[in-house]
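**Q** Can you make the complete structure from the sequences, with help from the hints?
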Amino acid sequence: MKTVDYGDEFASPEIVNRVASLVDVDETNFVLLARRLTLDPAHDFQNGDLRDVDFSDCNLDGFDFSGADLRGATGVNVTGKPVLEGADVSDSLFEYQVGQERYFADNPDDRETVDRIAAEYWANAILSVERLIQSRADGSGTKIAAAIFDKTKDSTVRTNILLFMRLSSESSQDHKSFIGNMLAKHSDDISVLLAGVRALTAFYASHRDGFRWLLKFLNHKNPLVRSAAFRGVVNSKRLPEAIPDVVKYVLSTTQPEHRRAFVGRVSRLLGLKYARAAFDYRENRFIDFREEITMETLRKCDPDDYQKFSDQQQSELKAEIIRQLYERRRLAHLEAISRQYGFSFCYDKAVLQFLARST
Amino acid sequence: MKGLNRNSIPDLVEVTLRVTKSNEFDHSELRVEMRAHQVVLAAQDSFEFTVQLNRANLVLDLDGLEVVPRSRLGEPVKPLSLPVEYKLTQEKGRSGEVAGGIDIGVSAHPNISLQGKASGSASSKVTSSATIEQTHAMQSVKARGNLTWEVTDQTIDGSLAPLSATYLNDDVLCKVTASPGANMSAVKLSTFARQRDLRMTPNSAARKLLYKSKNHERMIQALLAKALQHSPANGGVITFCISEVVVEDS
Numbered sequence: 001m002k003t004v005d006y007g008d009e010f011a012s013p014e015i016v017n018r019v020a021s022l023v024d025v026d027e028t029n030f031v032l033l034a035r036r037l038t039l040d041p042a043h044d045f046q047n048g049d050l051r052d053v054d055f056s057d058c059n060l061d062g063f064d065f066s067g068a069d070l071r072g073a074t075g076v077n078v079t080g081k082p083v084l085e086g087a088d089v090s091d092s093l094f095e096y097q098v099g100q101e102r103y104f105a106d107n108p109d110d111r112e113t114v115d116r117i118a119a120e121y122w123a124n125a126i127l128s129v130e131r132l133i134q135s136r137a138d139g140s141g142t143k144i145a146a147a148i149f150d151k152t153k154d155s156t157v158r159t160n161i162l163l164f165m166r167l168s169s170e171s172s173q174d175h176k177s178f179i180g181n182m183l184a185k186h187s188d189d190i191s192v193l194l195a196g197v198r199a200l201t202a203f204y205a206s207h208r209d210g211f212r213w214l215l216k217f218l219n220h221k222n223p224l225v226r227s228a229a230f231r232g233v234v235n236s237k238r239l240p241e242a243i244p245d246v247v248k249y250v251l252s253t254t255q256p257e258h259r260r261a262f263v264g265r266v267s268r269l270l271g272l273k274y275a276r277a278a279f280d281y282r283e284n285r286f287i288d289f290r291e292e293i294t295m296e297t298l299r300k301c302d303p304d305d306y307q308k309f310s311d312q313q314q315s316e317l318k319a320e321i322i323r324q325l326y327e328r329r330r331l332a333h334l335e336a337i338s339r340q341y342g343f344s345f346c347y348d349k350a351v352l353q354f355l356a357r358s359t
Numbered sequence: 001m002k003g004l005n006r007n008s009i010p011d012l013v014e015v016t017l018r019v020t021k022s023n024e025f026d027h028s029e030l031r032v033e034m035r036a037h038q039v040v041l042a043a044q045d046s047f048e049f050t051v052q053l054n055r056a057n058l059v060l061d062l063d064g065l066e067v068v069p070r071s072r073l074g075e076p077v078k079p080l081s082l083p084v085e086y087k088l089t090q091e092k093g094r095s096g097e098v099a100g101g102i103d104i105g106v107s108a109h110p111n112i113s114l115q116g117k118a119s120g121s122a123s124s125k126v127t128s129s130a131t132i133e134q135t136h137a138m139q140s141v142k143a144r145g146n147l148t149w150e151v152t153d154q155t156i157d158g159s160l161a162p163l164s165a166t167y168l169n170d171d172v173l174c175k176v177t178a179s180p181g182a183n184m185s186a187v188k189l190s191t192f193a194r195q196r197d198l199r200m201t202p203n204s205a206a207r208k209l210l211y212k213s214k215n216h217e218r219m220i221q222a223l224l225a226k227a228l229q230h231s232p233a234n235g236g237v238i239t240f241c242i243s244e245v246v247v248e249d250s
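Heads up: the protein sequence lines correspond to chains A and B, in order.
Take the first sequence: its position 306, counting from 1, is numbered 306 in our numbering, and each next residue is one higher.
Take the second sequence: its position 153, counting from 1, is numbered 153 in our numbering, and each next residue is one higher.
One or more hints might be untrue.
As the list claims (entries may be wrong) - Computed from the model, here is a short list of chain A residues facing chain B with C-beta under 7 angstroms:
no. : residue
1   : Ala11
2   : Ser12
3   : Leu22
4   : Asp44
5   : Gly48
6   : Leu127
Think of the hints as simulated: they come from the structure by calculation, not from any bench.
Here a beta-carbon is modelled for each residue, glycine too, at the ideal position from N, C-alpha and C.
**A** This is how it looks when you write it as structure tokens:
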């Protein structure tokens, strides 16, 4: 005997078919997507899987994420106050907020300290924060400084607090979650934003959450922010995880040093021989893939590597043939880098003719 | 006594409950069968999502009954002391040259110098290793507080595999006895999963055309979870099975 069930349709077809409507929707804004799919912010995300969601440009008032898995969630220009009761907010932009709420619920006196210092003249506020952080060995000074950062509108005070906090944070996680919150909430203040991105670049570019934040800022409208973020991304150990995003950036950047840095980094990922192929020994820097590679560039190479290559060839070969074989090999390595990472090197006419003769 | 078993998606998870008399006087056994696998949700013709559970929860609601102590299935009891095995290995070996017909046997002495026709040197090698072994049983069904049992399928590396087996095969979930003064006894067993414990795997068309960003992916999961709920939203908790038994006095 079968167990009782609700009939042939165990899932509402009307709701399921809303999924298909997303085929034509490129919008990624979380709130707009929820509205599009007629999901109820007050109920439909409770206990949900919201890992790695991007909440950028979202007002989350009215959203209830109770019990949800919000690990890795990020976002800039995030406003509003969602319900986070029992949610897992580790490594997310909410981690800081939840931690602060818990701290000040247990230490209401410190809330008064925050209000007092935030109202002070900026120079006095900076000194007060520095004294506070130094005097509180238990790390609570950092929590109070973070709350002052949130409350004050003075960008000088904020920038200084960020620096003090790095020096005094008990754990990098505290500092990171603070930066994440700051980036989410103060994205309209470029000076604060730059301080945050530079801090991420300096300290956390190879951390999973730090790296994800930096990737987001590759698309920022301000070129200084993009540049600061790129520096972090290209030097991060996690670069291989985000090649398509970074290629998209380097293909559109107007900064040749960024393109060179990228070529250097990815060629090294493939191996020493590729890095040697991509290095311009005349200019002593990596090749910019937008600049034409000339025969002169091709000929100037690492002398030890060339010698090693030459020694491996048959002794009866003429020097000029060995040279050509070496150059052909170098071009093959450059093509391999291009294919692997989705961009193309430029060659001048002479190199193209050389390539055509080689094939 | 057989229960009234209602399973909204029996292909995904099916639970049946019956109550039997125990050998002990005045105790009854709550016997449960639980099977889990998968279902496929189709959105129009080309998009399909395979739905599985990473975790299921069984929660018991007793009326006029109490659980007999130490009778719950799958109690993850932590032992008061943990046995640790420590192994020390010592190896002695010999290397050297042998000349002529002299046989050289392994000696207990680590250093041997060979005189006369034989030459060479002997050396010994001593290695030691320590092994600490701790046996850890992987339990699929774990008793939790508040008359709840959690069902998972853990792999060797600690990650969760989707539920796809029979986890309870008429096993005794617990024993119960009548509460003093109770004038009726009933058992209700509900099986639920949280939205975040659903695993939705799209087919290739869905993955290619719909999963354009992580936000798209999570939104689709929320929508499909909502589609599986037959009752109005219950805080992201989807109840799949309800079994009820009225326990009669014999």
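**Q** Taking each numbered hint in turn, which are not upheld by the structure, reported in ascending numerical order?
**A** 6
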